[in-house]
Amino acid sequence: MAECHPVGFQWVMEAKARGATIIHVDPRFTRTSAMADIHAPIRAGSDIVFLGGIVRYILENDKAFKEYIIPYTNAANIINKEFKDTEELAGFFSGWDPVKGEYDGASWGYEGVEETIPAGGHQEAVPGGSTPHVPGKAVTSARRDETLQHPRCVYQIMRRHFARYTPAMVADVCGVPEELFLRIAEALCKNSGRDRTGAFCYAVGWTHHTVAVQYIRTAAIIQLLLGNMGRPGGGIMALRGHASIQGSTDIPTLFNLLPGYIPMRHPKYNGVDDYLKSNTASAGIWSAFPAYFISLMKAWFGDAATKENGWRFNWLPAITGDHSHMATVADMVDGKVKGYLVMGENPVVGSMNGTLQRKGMAKLDWMVVRDFALTETADFWRTAPEVVSGEVPSGQIGTEVFFFPAAAHTEKEGTFTNTQRLLQWHHKAVEPPGAARSELEFTWKLGKRLKALYAASRDSKDDALRALTWEYPESSPGEPDAAAVLREINGQGLLDGRYINAYTELKDDGTTACGCWIYAGCTAGGVNQTARRKPAREQSYVAPEWGWAWPNNRRMLYNRASADPAGNPWSERKRYVWWDAALGKWTGVDVPDFIADRAPTYRPVPGATGLDAISGTDPFIMQTDGKGWLFAPSGIVDGPLPAHYEPQESVVENALYPQQCNPMRMEWHRRDNPYHLAYRDPRYPFLITTYRLTEHHTAGGMSRWLSWLGELMPEMFCEISPELAAERGLEHTGWATVSTARGEVQCRVVVTQRMRPLRIRGKMVHQIGMPYHWSWIGRVRGDAANDLIGFVADPNVHIQESKVLTGNIVPGRRATARRATLGGSPGNAIELPEPGPLRNLPGMVPFKRQPLQNDPEKE
Amino acid sequence: MGFLKILGDHWPLAKQIAERDVTGLGSLSWSERSVGLRPRIDGAEVHQSVCPYCAVGCGQKVYVKDGKILDIEGDEDSPISRGRLCPKGSATFQLVTGTHRVRNVLYRKPYGTAWEKIPLEQAMEMVAARVKKTRDETWDAKDEKGHDVQRTLGIAHLGGATLDNEENYLLKKLYTSLGIVQVENQARI
Amino acid sequence: MPQGFFTDTTLCIGCKACEVACKQWNQLPDDGFDFTGFSYDNTAQLGASTWRHVAFVERPVPLGGTQLGNFSWLMMSDVCKHCARAGCLEACPTGAIVRTEFGTVYIQPEICNGCGYCISACPFGVVDRREDDGRAWKCTLCYDRLKADMTPACAKACPTASIQYGDLVQLRVKAKERVVELQSRGLAEAYLYGVDAENQPGTGGLNAFFLLVDKPEAYNLPPDPVVPTKLMKRSWLTMAGAALGLGVLAVSAVVAP
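Heads up: the sequence lines are chains U, L and V, in that order.
Position 239, counted from 1, in the first sequence is what our numbering calls 239; the numbers after and before it change by one each time, with no gaps.
Heads up: take any position in the second sequence, counting from 1, add 859, and you land on our numbering.
Heads up: take any position in the third sequence, counting from 1, add 1048, and you land on our numbering.
There may be inaccurate statements among the hints.
[To be verified] Here are the simulated EDC-like pairs of lysine to aspartate or glutamate, each with C-alpha atoms no more than 20 angstroms apart in a straight line:
| id | chain 1 | residue 1 | chain 2 | residue 2 |
| --- | --- | --- | --- | --- |
| 1 | L | 992 | U | 400 |
| 2 | V | 1222 | U | 14 |
| 3 | U | 277 | U | 115 |
| 4 | U | 451 | L | 1003 |
| 5 | L | 920 | U | 115 |
| 6 | U | 268 | L | 996 |
| 7 | U | 336 | L | 996 |
| 8 | U | 534 | L | 1003 |
| 9 | L | 920 | V | 1192 |
| 10 | L | 991 | U | 365 |
| 11 | U | 445 | L | 984 |
| 12 | U | 363 | L | 996 |
| 13 | L | 1004 | U | 496 |
| 14 | U | 190 | U | 172 |
| 15 | L | 927 | U | 545 |
| 16 | V | 1278 | V | 1229 |
No wet-lab data here; the hints were simulated from the structure.
Note that this is a predicted model, so its numbers are computed, not measured.
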């Protein structure tokens, strides 16, 4: 956090000054470790064992915050008889289909509730496919045992599930000594309860894995068990890396979502009614799903969307599978994609297997790149290594490329949504230089031109575009008014023209329009709430009048949990939101994230639906049952509880289960994307982990061109331990070549005690640290670490595994860049053991596997 | 003394004696510039902004005179950052005013070997035509299984995490109406 | 009223925001793109174009008060010390270097003739001549900003308040309290470097002083800096004595025979 979010880290330093214990778990000793009280060097890719060990420690030592977990979480819920845990099925949960390579989660449900209980948020993850269902009906009839003794209650299932995750196992698999692990577990438990809270912060070190979502799930389980959710000083903080990366998922430029986490159309829905029915939860916030969706259709299609025509649901394009980034790049390589628009991204450096990205781009008909400078992505056809070397001559690349200079944030106005869901308006200070323009203007004008080109069309495929509401006032000549766009996002009543003040005002009868329901209220009263800048010193520490947070300006989600079941603060120190019995409503220093007048004593009558089904002690109102989910009966495709699987490429076999890797991981079996052996690949004996440095920004597009940042970290390097240096003959500041089956990169060597070999399953394991900021253009240059990494992904969110892989390191510079994409040999001459170790139990196929003859993995 | 003063205009030592600053380390050493020194942002307009790098969302103040940015520094009013910035945030001035920024639309013909400058309007027209042509040629009313899909898989988009919400909103809105589904951003990278 | 910096290295996260904020405000060019291998320090030293420099010290020894084991990583943002007795100022023959109303030491670029006397007169090696214009440059302690009651750029940017700017008297009190606090938390090694004349007689105390947890040499600071001009009186006296002796010798040589 000190490395990549230094200004956010000031609050950690504040906490430290007040006596907080700072614990840093990371394969490397970083600038964060330097400030910590405890640093635990861990083997990259083993965090579920580490976190699972903490879960076990809490359960076996009876450290859970019982007064919190019994009413607020599903610890007491009894799970269906049919459910079987990994303990019973050799590393699998019940419902595994070895032929399809995926789970049917039907057996993971609550006893007493027939339908699937949908998870809040990512609704498309509801398993069960095509059959219409009313998710979570009769959620009030779920059976619970508040003594937590029932053998099938979540608490007891967890005890059995995590029994393997002992301190000895943590030491053996993660390389964290038992004594150190226990100190951390104790510190966490000691700092939780009525009067104390603990927080978790993470970044892509947790998300770039084939089990990424389960990492976060394990942390969520710890935080729920310790009563650290919805309370000041608690929570799990995702430290996101881009100014509006949160905003770009809220209002998604993502394939599977519409604004506000509304799922895209899919053939599994039999028309709009089925779509609405399937996505409407029986209780909780998602019970008003039709109002959110219909208001979006009204915002986009205006009068053209009516109840009679199904709100023009049929105008939405349908997704039929995975259209995520890596799937699209693979399709590009296979010639299926013709046109590509890239805005403010540099995938050739920032995404996995950079050569594969370029190979795909070379197959396009046309490409548009919008950025400040000619990035490697824009200039690939001219200066890419394989072009310069003559392997792929420029004259053989048929792609037509348009480079548009982009306006900077100082040259346009609009909002960023930061990592805390806070929308902040930035004002325009100057005009953009030359032909530079904002994406807003580019997109608006492209839309206007396309509308003109299709104006005369009578083809039904063009109806949506022709009806699209696209009239915006101009804030300066040619530039659409961002404030007007924000007002459309906020929403308006169509009968009275009033701006929506909160998402609860949205209607399902077509009388409201709203571009993103979770952002409803950001221009409440016609005032741009996101531009509020009341100085911090003039308001409470929560600072509710600085910017605007979704939903409804709530700064902390689920904050009803900051009060005890009776509605009183857990302690004076931890006061945040509480029930004011005299006024008959919730109050506090933040906007209560609860039904404003729902008394703590309220209990739903059996069969209640909508918000009526939320009891006065159900703080997690985005969930259908209002409970924090220790056990996830739905919403996660690879299991209701986290289980440790080794990374796609590991140095050891899985000590926890016979199944080596996440059985649902996504693989791209292609010759241009070869994998190493599952473990103990003699060609690739070391672990590699990649990361960012304070001095640079991701793929470097906003840092490598600047002299002030470039001079601070001028060259690509790798970090290794003195032990590995001695073993491989590597010299500090000398050169090394790091290789994988995908390719090889050269870098300077930093030999440092900040890297330590770990003893894993009796064997010394070396880890190589590699920042990934550099490439061949810019003020400072170097090889791109991501060229080493293959396409393999988590099945829930389709994110790549770049934080752990195996590789080799030798002294000296590379002769030429060997790349599997261009037919380069995938390794040195060591003969492979026959057959190599397996990633899956015999007879299993992994999820989303593209078969290939001559499978290099020999599985 | 008058004599010393006249002498002092030509001979520093005389001036030092005259001004009772014998060591020459006092007021005599001051130049006019030093005496009148003011920060360059004196009298500049201030625009409140937000750091464009990571997602902490630090407040920035952008100081402008005559349509030019003079300085970008932290906004002390921000409850998030309290006026502080990291090295990247502190380098924002160079990010937005640096010579690395391209000012023209550049175009590379298929199989071309060099960039050429083209006017913005012409480029917009060409891109709109490409989108239409590709969309029309790759339109799928139904997929291979016969499902009604109403889309094109011929066009894809990447980007968004460094863009404003308003920009992402228009992008998603436009792409969806065009039937473009392969829309992705850094959030998945 | 004298103003200054208190740089508390126990709060430094080595982010180098100070280096960049300084370059931004003072519009300084880069200092070259050299990979040094000195831990995460590629700036290496203070210079004509680098007026804040973060040093990184990797040590195979534990840091008191933490449970980090036998390793620690120290960071320190170095800067011109604005010595109470400034060698550079006293050595400057043109009057380019002045002590400001804030007690800081400021080089007036329009007066500096690039003679370089100040460079050898600085016991910390702070002052440096720029190749292109030949003049001497160093931290101005944001003299222009101070005149408008603004915080110096580095102190303002510092994310963790490792660099604190303020009234020197108050900073000294705060710093001494901080040492006591750190020592009570088990960081027995904490001490102040150059906090006042008593602490560092050779410089008369530093207007930019530091809280350190290792020997000064570990951070590339001199253990006992002495401003050369401080020795001037003694050298003049010695010289006078020598001259006198020579005179006596000469006279006696003439008179004696």
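Against the structure, the hints come out as follows:
Taken as a hint, the residue 992(L) and residue 400(U) pair is honoured in the structure, with Cα atoms around 14 angstroms apart against an allowance of 20 angstroms. Note on residue 1222(V) and residue 14(U): the hinted pairing holds, with a Cα-Cα distance of about 17 angstroms set against a maximum of 20 angstroms. Restraint check: the Cα-Cα separation between residue 277(U) and residue 115(U) comes to about 13 angstroms, which is no more than 20 angstroms; the hinted pair holds. For the proposed pair residue 451(U) and residue 1003(L), the alpha carbon gap of about 29 angstroms is over 20 angstroms, so the pair is violated.
With a CA separation close to 53 angstroms, the supplied pair residue 920(L) and residue 115(U) exceeds the 20 angstroms bound. With a CA separation close to 26 angstroms, the supplied pair residue 268(U) and residue 996(L) exceeds the 20 angstroms bound. For the hint pairing residue 336(U) with residue 996(L), the CA-to-CA distance comes to about 12 angstroms; that is within 20 angstroms, so the pair holds. Under the criterion of a C-alpha separation no larger than 20 angstroms, the hint pairing residue 534(U) with residue 1003(L) is inconsistent with the structure, at around 56 angstroms.
Using a Cα cut-off of 20 angstroms, the hinted pair residue 920(L) and residue 1192(V) holds, with the two alpha carbons roughly 18 angstroms apart. Between the alpha carbons of residue 991(L) and residue 365(U) the distance comes to roughly 13 angstroms, so the proposed pair stays at or under 20 angstroms and holds. Restraint check for residue 445(U) and residue 984(L): satisfied, since their Cα atoms lie roughly 10 angstroms apart, inside the 20 angstroms limit. With a C-alpha separation of about 16 angstroms, the suggested pairing of residue 363(U) with residue 996(L) holds against the 20 angstroms cut-off.
With a C-alpha separation of about 45 angstroms, the suggested pairing of residue 1004(L) with residue 496(U) is violated against the 20 angstroms cut-off. For the proposed pair residue 190(U) and residue 172(U), the alpha carbon gap of about 25 angstroms is over 20 angstroms, so the pair is violated. The hinted pair formed by residue 927(L) and residue 545(U) fails the criterion: a straight-line CA distance of about 30 angstroms is larger than 20 angstroms. Taking the CA atoms of residue 1278(V) and residue 1229(V), the gap is near 35 angstroms; set against the 20 angstroms cutoff, the hint is violated.
Hint check: violations occur at hints 4, 5, 6, 8, 13, 14, 15 and 16; the rest are consistent with the structure.
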